[in-house]
Amino acid sequence: MAQINNITQNEEKVSVGLLTPWIKGTLAVDDNFLRMDVPNTIILGLIGTGMRKNKTPIDSISNIYTNTEYKIWKMILGAIIAIFGFTNISSSFLTGVLLMVLGIFIIGTGIQTVFSYENMGNTKSIPFPFYEADRVQRFESHVSEIVEKHYIDKNK
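The sequence shown: position 17 = 17 (the working numbering), numbered continuously.
Treat the hints as calculated values from the structure; they're not laboratory data. Careful, some of the hints might be misleading.
What the hints assert, rightly or not - Once the Cα atoms are required to be at most 27 Å apart in a straight line, the calculated DSS-like pairs of lysine-lysine come out as: (1) 24 - 74; (2) 71 - 13; (3) 13 - 55; (4) 74 - 124; (5) 13 - 74; (6) 13 - 53; (7) 149 - 13; (8) 55 - 149; (9) 53 - 71; (10) 53 - 149; (11) 71 - 24; (12) 124 - 154; (13) 24 - 53; (14) 156 - 13; (15) 124 - 71; (16) 154 - 24; (17) 24 - 55; (18) 124 - 13; (19) 124 - 55; (20) 24 - 13; (21) 124 - 53; (22) 154 - 55.
Since the structure is predicted, the reported quantities are computational estimates derived from the model, not experimental observations.
Given these sequences and hints, build the entire structure.
Shown next, in the form of structure tokens:
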């Protein structure tokens, strides 16, 4: 089997919400399993509602990829709230600024980096904030290498 010596490359701690970067999930891979422990959140990622755990054997993974998704309706809603906040700054400065900030954050939640993989014909996808794109893509690359080495070793 393929051996990866650097343990830190095998695991990534990734934020799951735009507004709560301290709430992190763990993506881990070794020669046998892909493991994900990702908190579930609601209301723009502010409230934790449990944990989504997944352990998938490497030999059942057939495709790994990441992509950037744009949730247009969230972005439009955020823009409307931000514009509404901007127009209300003259009447109530604090309310206007709060609405603008809320609108900007809602726009930000509309941009996601999604880690996906196929397991026996079923696609599993986990969205992350856009600013975690580098970590998620680095992890995807590492998982792809391990899966490729696994299939090469299996077919020898």
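Here's how the hints hold up against the structure:
A distance of roughly 22 Å separates the Cα atoms of residue 24 and residue 74; the hinted pair therefore holds under the 27 Å criterion. A threshold of 27 Å between alpha carbons decides the hint, and for residue 71 with residue 13 the separation of about 24 Å falls inside it, so the pair holds. The straight-line distance between the Cα atoms of residue 13 and residue 55 is roughly 16 Å, inside the 27 Å bound, and the hint therefore holds. Only pairs whose Cα atoms come within 27 Å are accepted, and residue 74 paired with residue 124 is accepted, the gap being roughly 22 Å.
Restraint check for residue 13 and residue 74: satisfied, since their Cα atoms lie roughly 26 Å apart, inside the 27 Å limit. Our distance criterion of 27 Å between C-alpha atoms is met by residue 13 and residue 53, whose separation comes to about 14 Å. Under the criterion of a C-alpha separation no larger than 27 Å, the hint pairing residue 149 with residue 13 is consistent with the structure, at around 24 Å. Annotation: proposed proximity of residue 55 to residue 149 holds, straight-line Cα distance about 19 Å (limit 27 Å).
For the proposed pair residue 53 and residue 71, the alpha carbon gap of about 25 Å is at most 27 Å, so the pair holds. Only pairs whose Cα atoms come within 27 Å are accepted, and residue 53 paired with residue 149 is accepted, the gap being roughly 25 Å. Using a Cα cut-off of 27 Å, the hinted pair residue 71 and residue 24 holds, with the two alpha carbons roughly 22 Å apart. With a C-alpha separation of about 24 Å, the suggested pairing of residue 124 with residue 154 holds against the 27 Å cut-off.
Note on residue 24 and residue 53: the hinted pairing holds, with a Cα-Cα distance of about 13 Å set against a maximum of 27 Å. Of the supplied pair hints, the one linking residue 156 and residue 13 is violated, its CA atoms being roughly 34 Å apart against a limit of 27 Å. A distance of roughly 18 Å separates the Cα atoms of residue 124 and residue 71; the hinted pair therefore holds under the 27 Å criterion. The straight-line distance between the Cα atoms of residue 154 and residue 24 is roughly 34 Å, outside the 27 Å bound, and the hint therefore fails.
Taking the CA atoms of residue 24 and residue 55, the gap is near 17 Å; set against the 27 Å cutoff, the hint holds. For the hint pairing residue 124 with residue 13, the CA-to-CA distance comes to about 19 Å; that is within 27 Å, so the pair holds. Note on residue 124 and residue 55: the hinted pairing holds, with a Cα-Cα distance of about 12 Å set against a maximum of 27 Å. Among the hinted pairs, residue 24 with residue 13 is consistent with the structure: their alpha-carbon atoms are about 6 Å apart, no more than 27 Å.
Proposed proximity of residue 124 and residue 53 is supported: the alpha carbons are some 12 Å apart, at most 27 Å. In summary, the hint linking residue 154 to residue 55 is supported, as the alpha carbons are separated by about 20 Å, within the 27 Å threshold.
The earlier numbered hints that this structure contradicts are 14, 16.
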